[in-house]
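Protein chains: 2
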Amino acid sequence: MPTIKFYLREGLLPAGELSSPNQAHYGERHVRRLNLIRALTDVGGLPLASVSKVVEAVEDLDRPVHKLLGSAARTVDPAPAPEPGRESGDRARALVGELIARRGWQVPGDHAAAVSLATALAALLEVGHGDYLDFLDEFASASEQIAEADLAFVARRQSPEEMVERVVIGTVLGDAMLACLRRLAQSDASARRYPRPDGPEAGRTASR
Amino acid sequence: MPTIKFYLREGLLPAGELSSPNQAHYGERHVRRLNLIRALTDVGGLPLASVSKVVEAVEDLDRPVHKLLGSAARTVDPAPAPEPGRESGDRARALVGELIARRGWQVPGDHAAAVSLATALAALLEVGHGDYLDFLDEFASASEQIAEADLAFVARRQSPEEMVERVVIGTVLGDAMLACLRRLAQSDASARRYPRPDGPEAGRTASR
Numbered sequence: 001m002p003t004i005k006f007y008l009r010e011g012l013l014p015a016g017e018l019s020s021p022n023q024a025h026y027g028e029r030h031v032r033r034l035n036l037i038r039a040l041t042d043v044g045g046l047p048l049a050s051v052s053k054v055v056e057a058v059e060d061l062d063r064p065v066h067k068l069l070g071s072a073a074r075t076v077d078p079a080p081a082p083e084p085g086r087e088s089g090d091r092a093r094a095l096v097g098e099l100i101a102r103r104g105w106q107v108p109g110d111h112a113a114a115v116s117l118a119t120a121l122a123a124l125l126e127v128g129h130g131d132y133l134d135f136l137d138e139f140a141s142a143s144e145q146i147a148e149a150d151l152a153f154v155a156r157r158q159s160p161e162e163m164v165e166r167v168v169i170g171t172v173l174g175d176a177m178l179a180c181l182r183r184l185a186q187s188d189a190s191a192r193r194y195p196r197p198d199g200p201e202a203g204r205t206a207s208r
Numbered sequence: 001m002p003t004i005k006f007y008l009r010e011g012l013l014p015a016g017e018l019s020s021p022n023q024a025h026y027g028e029r030h031v032r033r034l035n036l037i038r039a040l041t042d043v044g045g046l047p048l049a050s051v052s053k054v055v056e057a058v059e060d061l062d063r064p065v066h067k068l069l070g071s072a073a074r075t076v077d078p079a080p081a082p083e084p085g086r087e088s089g090d091r092a093r094a095l096v097g098e099l100i101a102r103r104g105w106q107v108p109g110d111h112a113a114a115v116s117l118a119t120a121l122a123a124l125l126e127v128g129h130g131d132y133l134d135f136l137d138e139f140a141s142a143s144e145q146i147a148e149a150d151l152a153f154v155a156r157r158q159s160p161e162e163m164v165e166r167v168v169i170g171t172v173l174g175d176a177m178l179a180c181l182r183r184l185a186q187s188d189a190s191a192r193r194y195p196r197p198d199g200p201e202a203g204r205t206a207s208r
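Heads up: the sequence lines are chains V and B, in that order. Mapping of the first sequence onto my numbering: position 94 corresponds to residue 94, and the numbering continues sequentially without gaps. Mapping of the second sequence onto my numbering: position 3 corresponds to residue 3, and the numbering continues sequentially without gaps.
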């Protein structure tokens, strides 16, 4: 783990107050900043160059909160979906535009996540399972529910450092939680939909 | 892209019917199997050893559907969450057990996703943001909604090959879709919660 001296040298941590020629005092503000840096590197897995940008955003007191949260969110963009073919790209982009309009989402059309979403939709169309998109609004409405929780979690804090820390941690660990919960819920839904009639042997082939 | 001959040699594709000494006929069954193999490798990114196991599961006609879907799901386990510290592990495992009981989910306690979920929760506790778990049931209920859609998508098919193909494609591309939709919905929720009063300059610092 890099030392405090290293973060000071890189300009990520503000200098402490000199209490004697050889001693500096570090206060609440330093602790908050250290927590932020560790959340970004340890949980978010961000390189130091990105951490610098986030720290810069946190220190720009003129930046409105929504913009600050946007900068933080951009550091943890979703991994790009598999490369799609060409034909389906236009159709996928149109579907994303229609979805955003239908949900009334206040987001720029060139939002990185809108671009990545179009890539995922194009991949679905390419492999011949485009009817998964019949359920796109179920996915969108579930995402709205999660986003409300995410924002409520972030809004429990006031300082820019802590809010940004929560955006990054919530997004990264939230994605992991969500992937796990989805698989558990799938397993439950599958057990209900395809029950074993009355024991491990009875009717083993019945549902086929 | 590996050739059909390669898949035949690896035992992933059944031999065609010889129509002449030098020609084999490949039918509907081969097309379905090829689609499955390509979905697993191209979309799921699975190594051939895992593809073999899935093909084996598909060919085991005695396996009940729920078990078959379970085998397919296990090939695309969620990426493990960051390594947690030790103290919080027990607490996290207890929280997962309580959640599963509270939701009434019919899943084994040692389900791989339950283990990964505990790892993610432990990481949240370790970094001092355990109150994110106040929203765990919101995440669980959103996941149930998505899992219902996932199962409905899978159940539109009857053949084991196509069902397994849909489990893998739906899970992998669905995770990607969900991550993107969550970020778009967050951006919308943030714009609503922290609006810019009436222009790019007016009230820039007001919400801070």
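The set of hints was computed from the structure by calculation and includes no laboratory data. This one's a predicted model, so the numbers in the text were calculated from it and none came from an experiment. Fair warning: there could be bad hints in the mix.
To be verified - These stretches of chain B come out as covered by chain V in the derived footprint (C-beta under 8 Å, 3 or more residues):
1. 8-17
2. 35-44
3. 47-59
4. 62-73
5. 137-151
6. 160-171
7. 178-192
Said to hold, decoys possible - Label pairs and their in silico Cβ distance ranges:
8. G109(B) / E98(V): 40 to 46 Å
9. L48(V) / A49(B): 36 to 42 Å
10. L48(V) / T3(B): 31 to 37 Å
11. G104(B) / G27(V): 45 to 51 Å
12. G104(B) / S159(V): 46 to 52 Å
13. P108(V) / E56(B): 43 to 49 Å
14. A49(B) / R102(V): 38 to 44 Å
15. Y26(V) / Q106(B): 48 to 54 Å
16. T3(B) / G128(V): 31 to 37 Å
17. G128(V) / E59(B): 19 to 25 Å
18. Y26(B) / R102(V): 38 to 44 Å
Beta carbons are placed, not taken as given, at the ideal position from N, Cα and C, and that holds for glycine.
Hint-by-hint comparison with the structure:
1. 8-17: Since 0 is below three, the answer is violated.
2. 35-44: Contact hint for the stretch 35-44 of chain B vs chain V: holds, 5 residues under 8 Å.
3. 47-59: The restraint on the stretch 47-59 of chain B is violated, since only 0 of its residues have a Cβ under 8 Å from chain V and three are required.
4. 62-73: holds (count 8)
5. 137-151: Holds: 14 residues of the stretch 137-151 of chain B have a Cβ under 8 Å from chain V.
6. 160-171: Satisfied; 6 residues make the cut.
7. 178-192: As far as the stretch 178-192 of chain B goes, the hint holds, because 15 residues have Cβ atoms under 8 Å from chain V.
8. G109(B) / E98(V): 40 to 46 Å: 42 Å, holds
9. L48(V) / A49(B): 36 to 42 Å: Cβ of L48(V) to Cβ of A49(B): about 37 Å, so the range 36 to 42 Å holds.
10. L48(V) / T3(B): 31 to 37 Å: 45 Å, violated
11. G104(B) / G27(V): 45 to 51 Å: 49 Å, holds
12. G104(B) / S159(V): 46 to 52 Å: 40 Å, violated
13. P108(V) / E56(B): 43 to 49 Å: 47 Å, holds
14. A49(B) / R102(V): 38 to 44 Å: 43 Å, holds
15. Y26(V) / Q106(B): 48 to 54 Å: For Q106(B) against Y26(V), whose Cβ atoms are near 52 Å apart, the range 48 to 54 Å holds.
16. T3(B) / G128(V): 31 to 37 Å: 21 Å, violated
17. G128(V) / E59(B): 19 to 25 Å: 22 Å, holds
18. Y26(B) / R102(V): 38 to 44 Å: 43 Å, holds
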